[in-house]
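Student: Chain residues, written in single-letter form:
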Amino acid sequence: MSLQHRASSVVQPALDELKKRRNPDGGFSLLLNNPSRPDVTAWALLALRSCGETGALVVEAGDYLKAYQQENGSVLMAEEESAAVWITYVAAWAWEGMPEFEVCAKKALNYILSISGNWSYINAWGMAHDQSLKGWPWVAGTSSWVDSTALALLALRSAGLEGHGRYVEGIKLLKNRELPSGGWNCGNTIVYGTELRPTPESTAMALTLLDIRNARHVSSVQLLRQYLRPATGPLTLAWGLMAIGTKKDLPVLEQVLVEQQRDYCQTEWLSLLCMAWSFLTLSQGANVLGFPREGRL
Amino acid sequence: MSATPKWTRRQVIKAGLVVGTGAFLTKEGVHAWVHRELPWDPAKEAGFSSQVFVGSASNYSVNLSGILLQGFHELGVKKEELLGKTILLKPNLVEPQRTEEHINTHPLMVRAAIEAFLHLGAAKVLVAEGSGHRRDSADVLEASGLGEVLREDRITYTDLNYETGYRALNLGACTGLATLTLPELFKRVDWIVSMPKLKTHHWAGVTLSMKNLFGVLPGIYYGWPKNVLHYAGVQNSILDLTATVKPHFSIVDGIVGMEGDGPIMGTAKDAGVVVMGRNPVSVDATAARLMMIDPAKVSYLKRASGWLGPIGLERIEQRGENPASVGREFQLVEKFDAMRGIRLK
Chain A
219 MSLQHRASSV VQPALDELKK RRNPDGGFSL LLNNPSRPDV TAWALLALRS
269 CGETGALVVE AGDYLKAYQQ ENGSVLMAEE ESAAVWITYV AAWAWEGMPE
319 FEVCAKKALN YILSISGNWS YINAWGMAHD QSLKGWPWVA GTSSWVDSTA
369 LALLALRSAG LEGHGRYVEG IKLLKNRELP SGGWNCGNTI VYGTELRPTP
419 ESTAMALTLL DIRNARHVSS VQLLRQYLRP ATGPLTLAWG LMAIGTKKDL
469 PVLEQVLVEQ QRDYCQTEWL SLLCMAWSFL TLSQGANVLG FPREGRL
Chain B
190 MSATPKWTRR QVIKAGLVVG TGAFLTKEGV HAWVHRELPW DPAKEAGFSS
240 QVFVGSASNY SVNLSGILLQ GFHELGVKKE ELLGKTILLK PNLVEPQRTE
290 EHINTHPLMV RAAIEAFLHL GAAKVLVAEG SGHRRDSADV LEASGLGEVL
340 REDRITYTDL NYETGYRALN LGACTGLATL TLPELFKRVD WIVSMPKLKT
390 HHWAGVTLSM KNLFGVLPGI YYGWPKNVLH YAGVQNSILD LTATVKPHFS
440 IVDGIVGMEG DGPIMGTAKD AGVVVMGRNP VSVDATAARL MMIDPAKVSY
490 LKRASGWLGP IGLERIEQRG ENPASVGREF QLVEKFDAMR GIRLK
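Heads up: the protein sequence lines correspond to chains A and B, in order.
First residue of the first sequence: 219, per my numbering; consecutive thereafter.
First residue of the second sequence: 190, per my numbering; consecutive thereafter.
Each hint should be verified, as a subset may be incorrect.
[What the hints assert, rightly or not] The calculated lysine-lysine pairs, modelled on DSBU-like cross-linking and capped at a C-alpha distance of 35 Å, are:
#, chain 1, residue 1, chain 2, residue 2
1, B, K524, A, K393
2, B, K274, B, K313
3, B, K376, A, K284
4, A, K284, A, K237
5, A, K238, B, K524
6, A, K390, B, K524
Think of the hints as simulated: they come from the structure by calculation, not from any bench.
Kindly generate the complete structure, drawing on both the sequences and the hints.
Tutor: Given below as C-alpha cells:
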C-alpha cells in the first residue's frame with residue numbers, strides 16, 4: 219500500500235475526528251461536544267501541523283491558545299489556575315515555526331527558561347537522584363518530573379535551543395533519573411534505599427530526547443520495546459513510537475489509530491497517535507515536531 | 190452538559206472504557222461552588238459515635254457483594270437512600286503494575302461494590318480515578334485488571350486526571366490552600382465512595398479512605414504525582430481533602446493489603462477483611478487497628494478526631510467481625526518517621 223493511500227485510509231479519518239472536536243472559538247475539546255480547552259488545543263495543533271494541515275484551522279487554534287497566554291509568557295488552563303504552567307511547554311512546541319505566533323512562542327520559551335523544578339523541601343525523604351539538576355515541574359514552585367521535563371525539552375528542541383545550558387542540564391536530569399535496572403519512573407529512582415519500578419509512559423517520553431543507540435540505555439530501550447503492541451495504551455504507544463519506533467511498527471500504530479478514531483477517544487491521545495504516524499512516515503512530521511530522524515529510525 | 194457518550198458494548202470494549210470529560214471550562218475558569226449535603230455531620234460524629242462494619246473474606250473469590258450488602262444492612266444503608274442515585278466509586282490505582290496486584294484496590298472488590306449499589310437501587314455506578322503516577326489511564330486499567338471487569342460489566346470509567354475542574358472552597362484550611370480544584374464530574378454524582386487498599390504508607394503511616402482522596406484531584410492542575418499536595422504537607426492535605434470532598438461512604442479492600450514500605454514498594458499481606466462505613470475517619474481508625482496500628486498515633490487521624498469524625502473505640506460502634514480478633518500485625522519500617530512508634534499496644 220502506498221504511503222499516500224495509507225494516509226487517506228488511516229490518518230485522514232483520525233484527523234477528521236480531531237476536527238470534529240474543534241469549536242467555533244477555534245479551540246479543541248477533550249471529547250466531542252464539549253468546551254474548548256487550551257491543553258487539548260495545543261495537542262491538536264501539534265497533530266494537525268505535523269500531518270500537514272495549514273490555513274485557518276491551525277491559525278485559529280493558535281489564536282485560541284494565544285488568548286490563554288499571560289503577560290509573563292506562561293499559558294494557563296485559566297487565570298485562576300496560575301500554577302499549572304506545564305501547558306506552556308506544549309503551547310510553545312505547538313506554536314514553534316508558525317510565523318503568526320513567533321512572538322507568542324518566544325514569550326513562552328523565555329518563560330520556560332525562567333522557571334525550574336525544586337526539590338529542596340524533601341531532602342530528608344531519601345531520594346537518590348541528583349536534586350541539584352533543576353528540570354521542569356508540572357506546577358510552578360513544585361518539583362521537576364520526568365514527563366514535565368521532557369515536554370519542556372521538546373519545546374526547546376523544536377526551537378533549536380539544544381545548545382542552551384538549561385537544555386543540556388535537562389538532558390542530564392533525564393539521564394540521572396534513569397533507573398539502574400532500566401526505564402524511568404515518573405520522577406524518582408531510589409527512595410529509602412529501594413529502586414522504584416519503571417512506568418512505560420515516562421520511559422517512552424525520556425527516550426524521545428536521548429540517544430537510543432547509547433549502550434547505557436539498552437535496558438530501557440528493551441523495556442519500552444515490549445510495550446510497542448496494540449494492547450498498550452495509546453498514550454504510551456504514541457510516545458514509544460516517537461522514541462524508538464521504526465517503519466516496521468506502522469501496522470501496530472495503524473491498528474490502534476483505526477480503533478481510537480472514535481468519539482470517545484481523548485483528543486490528546488488521538489493527537490499523539492497522529493503525531494507518531496507523521497513522525498514515522500513524513501519528513502514534515504519530524505520537522506514540525508523537532509525530532510531528529512537521523513540515527514533514530 | 191454531560192460528556193459521557195452513550196456507548197454500545199463494542200465501543201466500550203474498543204475504548205478501553207476511558208472517558209475524559211471536559212465540561213464547563215471558560216477562559217475565566219469556573220467559579221461554581223458545590224455545597225452538597227453532608228452524608229455525615231462532622232460535629233455530630235466527632236461528639237457522638239459512628240458505626241463501622243468489618244467483614245471477613247479469605248480471598249477475592251468469595252461472595253464479596255454479599256458481604257457488602259450485609260455491611261450496608263448493618264450500617265443502616267437503605268434502598269430509599271440509594272434509589273435512582275448516581276454512585277461514583279473511587280478505587281486506588283496509584284501505580285498499577287501487572288505483577289504487583291497488592292498495590293491497588295482489587296478489581297473484584299470494585300465489581301462487588303458495583304453489584305451491591307445496583308442491587309440497592311442505584312440508577313448508575315461510575316468508576317473514576319486520577320492515578321497518582323500514571324498518565325496513560327488505558328494502560329492503568331489493563332495493568333490493574335480493572336479494565337476487564339468494567340468491560341464485562343459495561344461500567345464507565347472516567348480518568349479524573351483530565352477532568353476540567355471547578356474551584357471549591359477548602360473547608361479544611363490545614364494546608365493554606367484557599368481552594369481545591371475538584372473534577373466537574375463530582376457535580377453530576379450523588380454519592381462519592383472512597384475505595385482504598387489497606388496499606389501502610391511511608392509518609393503518612395497508613396493510606397486508607399482519607400489518603401485515597403489525593404486521587405480525585407485532576408493531574409492537569411496538580412501534576413503527576415499531585416506534588417502540590419506534597420508541598421502543602423501530606424498530612425495537612427489529607428485533612429483538607431476529607432473536609433472538602435466529604436465522601437459519602439468508604440469501603441476498604443483489606444483482603445490482601447500491603448505492609449512495610451507502602452504505598453507502592455511494600456509487600457503483600459493477607460488480612461482477609463473488608464471495612465465499611467459512612468465516616469471516613471472512623472473507617473480509617475478501625476482499619477488501622479486491624480493492622481495493629483494505633484490510630485491515635487497516626488498524625489492525621491489524631492488531628493481529625495474530634496473534628497471530622499471519631500477515632501476512639503468508645504465512639505465507634507463496631508459491626509460485623511470484632512477487629513481485635515481478626516486484626517493482623519502489619520510490618521512497620523521504623524526508619525520512616527510516619528511509621529515510628531505507631532504500633533497498637
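Student: Does K313/B sit within 35 Å of K274/B, going by the straight-line distance between their CA atoms?
Tutor: holds (7 Å)
Student: Within 35 Å, alpha carbon to alpha carbon, are K238/A and K524/B?
Tutor: violated (55 Å)
Student: Hey, K390/A versus K524/B, does the alpha-carbon distance stay inside 35 Å?
Tutor: holds (31 Å)
Student: If you draw a straight line from the CA of K376/B to the CA of K284/A, is it 35 Å or shorter?
Tutor: holds (30 Å)
Student: Going straight from one Cα to the other, do K284/A and K237/A come out at no more than 35 Å?
Tutor: holds (19 Å)
Student: Quick one, are K524/B and K393/A close enough, alpha carbons at most 35 Å?
Tutor: Since the Cα atoms of K524/B and K393/A sit roughly 29 Å apart, the hinted pair holds (cutoff 35 Å).
In this structure, only the earlier hint numbered 5 is contradicted, and the remaining ones agree with it.
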